[in-house]
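Given next are the chains, with one letter for each unit.
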Amino acid sequence: MTAVLFLTALLASQDEPLSGPLPGSTPEFSKTVYAAVDALNAGRFDEAAALANKLPHKAPVIKVDTTSLSESEKVTYAEAVDGAIKGWETAVQGLKFKADGKPDILITFKKSLPPDPETKYPKGLVLFTSDEPGEPRIEAVIATTRLNPPVSVEAGHIRSEVMYAIGQWIGLADQPKAGSVMYRVDTLAQLPPAVDTLSRRIAPDNFVLGDRLRQAAAAKQKVELARPEIWIEEKRLDVGRISQGDQPITQFTVVNRSQATLQYSVRPDCGCFALQYNPIVGPGQSTVVTVGMDSTLFPGKQRKKLVVYSNDPERATTEIEFLADVTPAYEVWSEDGTAGYPLYMDQNGGKTTLYFTFDPDSPFTIQDAKISGAQGSVEWQAWEGKLPDARVDSDPKKGYKIDLSFLPVQVPGRTMVTLTLVTDRKAFETVHLNVFIQNGIAVQPASLYWGQIEQKPNRAFVILSRPGKEFTVKSVTTSHKSFTAKTETMPSGDIKLIVEFNGDFPIGQIAQTVTVETDDPEYPKLTIPITGVVR
Amino acid sequence: MKFVLWLFALSITVAAAMSRPEDAWTVVIGGQTDGYLAPCGCVKPMSGGIKRKACAVHGLRKSTDKLLVLDNGGFSKGQGRQDEMKAEAMAEALKSLGVDAINLTSRERALGLGMLASLHRLSGEKFVASGSQPDGLPVPRWLDKGPFLVGGIDPASDPGWATAVRELVQEAKDASLAPIVMTTDGIEGARALAKAHPDLRLVVYAERSNPPVQALREGDCLLVTSGEKGKALVSVRWNGTRFEGYTVSDLGPQVGEDDEVSAIYRRYLDRVAQEKLLDMVPRTNDDAFVGSEACASCHTQEYEVWKTTGHAHAYDTLEEVHHHVDPDCVSCHVVGLQSTKGFKSRELTPLFANVGCESCHGPGRDHASSPAEHPYHKAGEDSCLSCHDPENSPTFDFPTYWDKIEH
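One line per chain: the protein sequences are E and P, in this order. Everything in the first sequence is counted per the numbering used here, starting at 1 for the first residue and increasing by one. Everything in the second sequence is counted per the numbering used here, starting at 536 for the first residue and increasing by one.
Hints are not guaranteed to be accurate.
[To be verified] Subject to a maximum C-alpha distance of 20 Å in a straight line, what follows is the list of computed EDC-like cross-link-like pairs (lysine to aspartate or glutamate):
| id | chain 1 | residue 1 | chain 2 | residue 2 |
| --- | --- | --- | --- | --- |
| 1 | E | LYS370 | P | ASP821 |
| 2 | E | LYS110 | E | GLU154 |
| 3 | P | LYS764 | E | GLU154 |
Since the hints were made in silico from the structure, they are not lab data.
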């Protein structure tokens with residue numbers, strides 16, 4: 001009964017048309033598949049069988065030559081190789097490696113390998129592929145040291161390299177992004193221990209192809225497997241100048257120049273793309289890939305990439321460049337070009353004006369505005385003209401003039417205030433802008449951070465400022481004798497508070513303060529943290 | 536067959552050795568990190584971060600001592616307190632990985648003299664400003680290292696930049712050095728610079744995108760950019776007469792994290808916690824929330840589904856990596872951070888920790904108190920996109936993600 005079922009399944013599988021290698025297979029795998037098919041269809045069944053036998057099967061023999069290793073390396077690396085084998089056996093149902101017999105995969109080790117001509121790094125792995133029946137299909141020579149001067153590898157590196165070598169034997173192509181077992185580097189990198197999703201998808205298909213071709217050769221049967229040929233004319237998509245928030249749509253055409261079914265997929269390098277396409281193109285057909293890009297988060301000149309993977313054995317990947325010049329949807333200007341610098345307040349509060357400008361062809365309507373972080377009010381009105389200070393920008397503009405008024409603020413120093421605008425633009429329903437207000441004396445930066453310093457003299461300073469109202473420092477004291485402080489008045493009227501460290505401080509965290517007494521009755525005392533680490 | 540391949544490999548080695556002059560240098564290019572200190576996002580693997588960059592640069596340093604590390608500035612995105620702390624952490628990290636020159640741009644100047652002095656000190660005094668000097672803080676005009684003279688300009692804000700480049704090129708010529716310029720301009724500006732000064736050998740420009748697959752060349756000058764947010768390590772090689780060997784390596788999780796810079800990053804997070812920056816996040820609305828447990832009484836099945844999803848543990852995942860103190864991260868991992876009545880801390884508002892029902896469906900107090908009078912709306916793809924944006928969730932596609940939380 002079992003034999004009947006098996007025969008039925010075999011005959012049924014042989015009736016199904018044979019699909020070509022999936023995108024993501026190596027060119028060598030694809031070429032071997034097509035060579036076997038050619039041989040079958042030409043009636044050269046012995047040749048076809050020999051070719052099919054080079055394709056992966058689920059009972060491979062893997063041998064590890066440890067003669068060049070030390071005793072401790074033998075133990076460590078044996079575990080790593082076992083880990084790699086188990087990783088693949090878990091990923092592919094029915095795959096079971098053996099240790100006895102003529103090896104399909106041979107793993108050997110060398111202390112170091114010649115450098116890669118491109119990167120100049122010593123190689124971490126060299127793969128040899130053999131067509132000779134008496135030799136392993138793949139020999140992976142793994143370097144036990146990397147870099148220059150040499151650094152010994154760890155078990156994880158060995159495991160990564162063996163997993164990659166097995167993947168190559170299965171016929172999986174290199175992947176350009178980390179996260180795949182088929183991504184490798186010649187440095188001290190360790191890849192994830194599990195086989196990634198894409199490799200898990202392609203690998204079983206490659207085993208099936210190998211089995212089908214071996215069966216066909218044994219049964220002396222012809223098979224149908226035409227070669228897809230992909231053609232993409234557009235290698236660059238340039239949507240030109242667009243406004244931020246625009247979602248341009250462009251297209252490119254994928255043409256199947258063959259009599260086989262073309263399969264392809266498109267992977268962008270940015271999550272800002274939305275793609276629509278039919279991944280299957282019939283013989284002689286063409287299809288359009290629609291590419292939408294959301295520019296909301298991407299002002300400025302953009303250069304991105306779309307990679308087309310296909311089952312064309314000659315053109316497995318095609319890169320398409322995507323360009324856009326995204327002009328900002330809006331810009332915010334202060335009257336004197338000092339947006340971001342604090343607005344100084346006094347006992348009457350403070351006022352400032354901002355200009356919110358946009359491209360007249362893509363206007364905004366401000367529906368509401370409010371401030372948070374301080375008490376105050378905001379008024380806005382449509383505006384057109386030139387900015388008050390031509391040094392900032394002298395081109396005529398259109399947008400809104402926003403007047404901000406702040407009540408006297410209780411918190412001394414510098415405060416960040418958020419201006420929230422509600423607009424009618426879907427991509428920019430709310431726009432948050434930061435404005436800084438200063439009440440009294442501000443310390444910039446707010447703490448004196450040393451970072452990591454040594455037990456030797458060092459020097460740093462912060463700036464005390466109160467624009468428009470000078471003040472005098474009466475005294476400066478520090479909380480620890482290792483720090484001394486003094487002040488210098490700058491030409492602008494700001495005061496430089498200089499803190500000297502004499503190096504005599506225990507190793508560990510610094511959590512000290514410097515206290516400044518001033519002649520300003522509203523702000524008679526400032527306490528400034530001194531932080532860092534002494535090593 | 537094997538012997539042929541070995542012979543081939545050997546010949547490549549010999550050829551490489553013969554073509555590699557004694558004064559070959561590697562130049563690493565960085566910049567425009569915009570405060571991106573570490574990969575953030577709910578997708579693995581993410582790229583970039585100062586810890587990985589330092590690990591990669593130290594790795595390069597093990598293979599050569601002829602290494603020049605440049606940074607084109609642009610540490611911070613804004614001027615708030617957190618931006619300042621990020622900039623200080625970045626400066627420390629650059630010093631730790633051995634940066635040689637940092638372009639002093641208008642973004643650093645906008646932080647003010649006190650902060651600029653702090654950054655200059657923390658970086659090991661590595662800023663260069665070839666055009667106008669910052670008031671009150673003299674920095675070198677350029678760096679002289681190995682066969683190079685390196686300057687930095689910011690054409691958008693410094694009218695003296697053109698003269699500075701002329702002087703740099705002349706100085707380099709007089710000293711038989713190869714001139715390099717870092718500029719905040721884009722590719723057109725870089726190309727114009729290279730055309731105007733054919734003696735330039737490398738121009739590092741700024742671009743808001745990934746670094747290109749191939750470097751551009753204008754005559755004998757190579758034009759390169761690190762791209763934005765430091766997600767890749769970009770390097771070029773100097774062969775004695777010109778730059779070549781442009782390499783872009785993704786700083787993915789395979790790179791590893793440098794211990795010293797990891798400590799710097801941890802100190803940054805500790806400072807953020809110490810200064811309680813999360814408490815200072817502006818609360819821009821008064822939306823009223825109730826927490827997901829309040830929804831459970833009527834929407835039991837949906838609540839049970841939610842409990843099994845990653846959303847129900849989103850704040851926990853932040854706590855595991857000490858990012859629960861970071862305002863940049865917390866807003867997408869809790870309910871109502873922008874509201875005066877939303878999340879404040881796990882202790883004060885435990886019901887609002889994690890991504891709850893109201894994170895997507897909106898404030899639910901009115902609906903919970905009177906469902907018939909205040910019907911609740913279904914959430915659609917738009918409600919996902921505010922957090923699953925291309926930056927933090929680059930592989931997001933609604934059907935796949937919805938499958939995991941469908942209710």
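Restraint check for LYS764/P with GLU154/E, where alpha carbons must lie at most 20 Å apart = This hinted pair is violated, its Cα atoms lying about 31 Å apart.
Take a quick look at whether LYS110/E and GLU154/E sit within 20 Å of each other, Cα to Cα.
-> holds, 14 Å
Regarding the pair LYS370/E and ASP821/P, is the alpha-carbon distance no greater than 20 Å?
-> Given that 20 Å is the threshold and the Cα spacing comes to 12 Å, the pair holds.
When each numbered hint is compared with the structure, a violation occurs for hint 3 only.
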